[in-house]
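Since chain H is already given, all that's left is putting chain G on it; use the hints.
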Amino acid sequence: MRSPTRNAKEHHPPAHLPVGIGMRAAHYDDIINAETSNLFGWIEVHPENYFGGGLHKDALKRACEKYPLSLHATGLSLGSDQPVSQNHLDQIKALIDAFHPFHISDHVSWSASGNAHLNDLLPLPYTHETLDRLCRNIDQTQSTFQRPILVENPSSYLSFKGNDMSEPEFLNALAAKTGCGLLLDINNIYVQANNHNFDARQYLDTITAHHVKEMHLAGHIERETQSRPLLIDTHSRPVCDPVWELYRAALKRFGVTPTLIEWDQDLPPFTTLLNEVARANAIIQDIEAQNVPA
Amino acid sequence: MSLHNFQKNFSALLFQPRDTFKQPPANITKHFSDNGIEIHEGLEAYHANVLGSLTNAILQSFPLIASITGKDFLRAMAKSFIIKNPPSTACLNTYGDTFDAFIAQYPPARSLPYLPDIARLEIACNAAFYAHDDQPFTAQDMAKVAPDQLEILHLTLRQNVRTITSEYKLWDIRKLCLGITNDEILNFNAPEAEHLLVSRPHLEVHVRPISLADVTFLSAIQDEETLGQAAAKTLGAHPNYDLQQALANFINADIFTVDH
Chain H
0 MRSPTRNAKE HHPPAHLPVG IGMRAAHYDD IINAETSNLF GWIEVHPENY FGGGLHKDAL
60 KRACEKYPLS LHATGLSLGS DQPVSQNHLD QIKALIDAFH PFHISDHVSW SASGNAHLND
120 LLPLPYTHET LDRLCRNIDQ TQSTFQRPIL VENPSSYLSF KGNDMSEPEF LNALAAKTGC
180 GLLLDINNIY VQANNHNFDA RQYLDTITAH HVKEMHLAGH IERETQSRPL LIDTHSRPVC
240 DPVWELYRAA LKRFGVTPTL IEWDQDLPPF TTLLNEVARA NAIIQDIEAQ NVPA
Chain G
0 MSLHNFQKNF SALLFQPRDT FKQPPANITK HFSDNGIEIH EGLEAYHANV LGSLTNAILQ
60 SFPLIASITG KDFLRAMAKS FIIKNPPSTA CLNTYGDTFD AFIAQYPPAR SLPYLPDIAR
120 LEIACNAAFY AHDDQPFTAQ DMAKVAPDQL EILHLTLRQN VRTITSEYKL WDIRKLCLGI
180 TNDEILNFNA PEAEHLLVSR PHLEVHVRPI SLADVTFLSA IQDEETLGQA AAKTLGAHPN
240 YDLQQALANF INADIFTVDH
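In order, the protein sequence lines correspond to chains H and G.
Per numbering that gives the first Met the number 0, residue 0 is the first one in the first sequence, and the count goes up by one each step.
Per numbering that gives the first Met the number 0, residue 0 is the first one in the second sequence, and the count goes up by one each step.
Hints were generated in silico from the structure; no laboratory data involved.
Don't take each hint at face value.
Keeping only pairs whose Cα atoms sit at most 27 Å apart, straight-line, the calculated DSSO-like set for lysine-lysine is [as the list claims (entries may be wrong)]:
no.	chain 1	residue 1	chain 2	residue 2
1	G	29	H	160
2	H	160	G	7
3	G	29	G	7
So here's chain H without its partners, still in its complex pose:
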């Protein structure tokens, strides 16, 4: 296990602006050419979109002059029963060295089998075999990056038989064994609780608090099935009211934590994202006010 070492070049979110925005190409102008925001304090990008040069890399350089950066990978496929692509890791490492992100994360899922990459976050059974494989892949990742990563709880649409542990127990074990941190996606917890019939608050209570380093908020859609709606994590809608309530509960339990507003499909005008940021800020301020001793 490695103890986190903080690089002097890492640029962290200011304490008074813990909410960040996922920077997507449609909003480059809004982020890069506008005044520095007093609503959001950092940006997030998917490193896979910045492996080449040109327009996207140029936008990232300019955005990083204004905002701290979190790199949220989607392509490491940490849960595949094969080692992580070293080439993929090396390309992310080059971005880390160039842009000094304060966090680097990926998901508790898999997307590659053999040479086929499915570009989706596919589900894993929570068994000891899966835990061992994920730990090896997280170790490989952390040793390439020379620092701890964060792993995110997934959304999934199938329920496995024969799990050895619950999802939050599995996440705790991953963090304890590898030294990685946890990125809690609050929408995903809500989606999972619906799709797999469990209690979201109990999930929060099971997570070991000191592992939680970042949170995500996003929207989902409902897919009709013969029995009840299956919730699909699309990042294409505003955050729904029950997820805001769950976020409030998460802040109470884990304290104020850097939180990302994620929107990846059917991108709205930038002002819609800012409204979501403002809503998160209002809840954070509420929680902070409650914590001030009378």
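Same frame as chain H, but now just chain G:
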């Protein structure tokens, strides 16, 4: 459970036609419990996500093809391509770089024989757009080269540079796709080779027609020949080629670099 076998079977299933999911195979269903939502419904959700996101990646990379065929035709063609050619890396920036060969063999596209040419152009533009940044060899750099060193000067093409030799009148077809011309009387089905240069001097991709002699010259440069060798080869094949002017134009277009 073997995680390895599960992942192999699951990923193979997701690339099957949608009808397969109505009665999914036992080597998949045995891993899941029916949790109120039937197993095939969960599988369909993953199938839709995987095919949908990869189809969108193809749609984004081939807008000129969409302007000719319409999005629905391109979407159907992309799905057939994806099922046979899943991405081999997690980075999708250049996914679809064999789409031209697939289109050439795709029966519903047979009446549009110039479609693979357009695909080749879009593949080159996409590669140029995402190419790594490298430093152009400029007119100022050229001015510093001693006259007796010109012969042995070793230039290379920048990573964002591609040349394309098409079978059909690609330059005109491209203009039609972009709405620059609506010259419908052009007979696009008659083969007529054209040569195009694709490059990205800074952030935007540029496309322009070049001559066969230009292609000979740039290919020689690409093959790591010295400026003297490339000039001799080009002038041997095309005695009237204005090499000095061509070289100046290419340098001004920022298409060369030097290996360090």
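Quiz item: Within 27 Å, alpha carbon to alpha carbon, are residue 29 of chain G and residue 160 of chain H?
Solution: 8 Å, holds
Quiz item: Is residue 160 of chain H within 27 Å of residue 7 of chain G, Cα to Cα?
Solution: Given that 27 Å is the threshold and the Cα spacing comes to 18 Å, the pair holds.
Quiz prompt | 27 Å limit on alpha-carbon distance, applied to hinted pair residue 29 of chain G and residue 7 of chain G | solution = Given that 27 Å is the threshold and the Cα spacing comes to 15 Å, the pair holds.
In summary, this structure violates none of the numbered hints.
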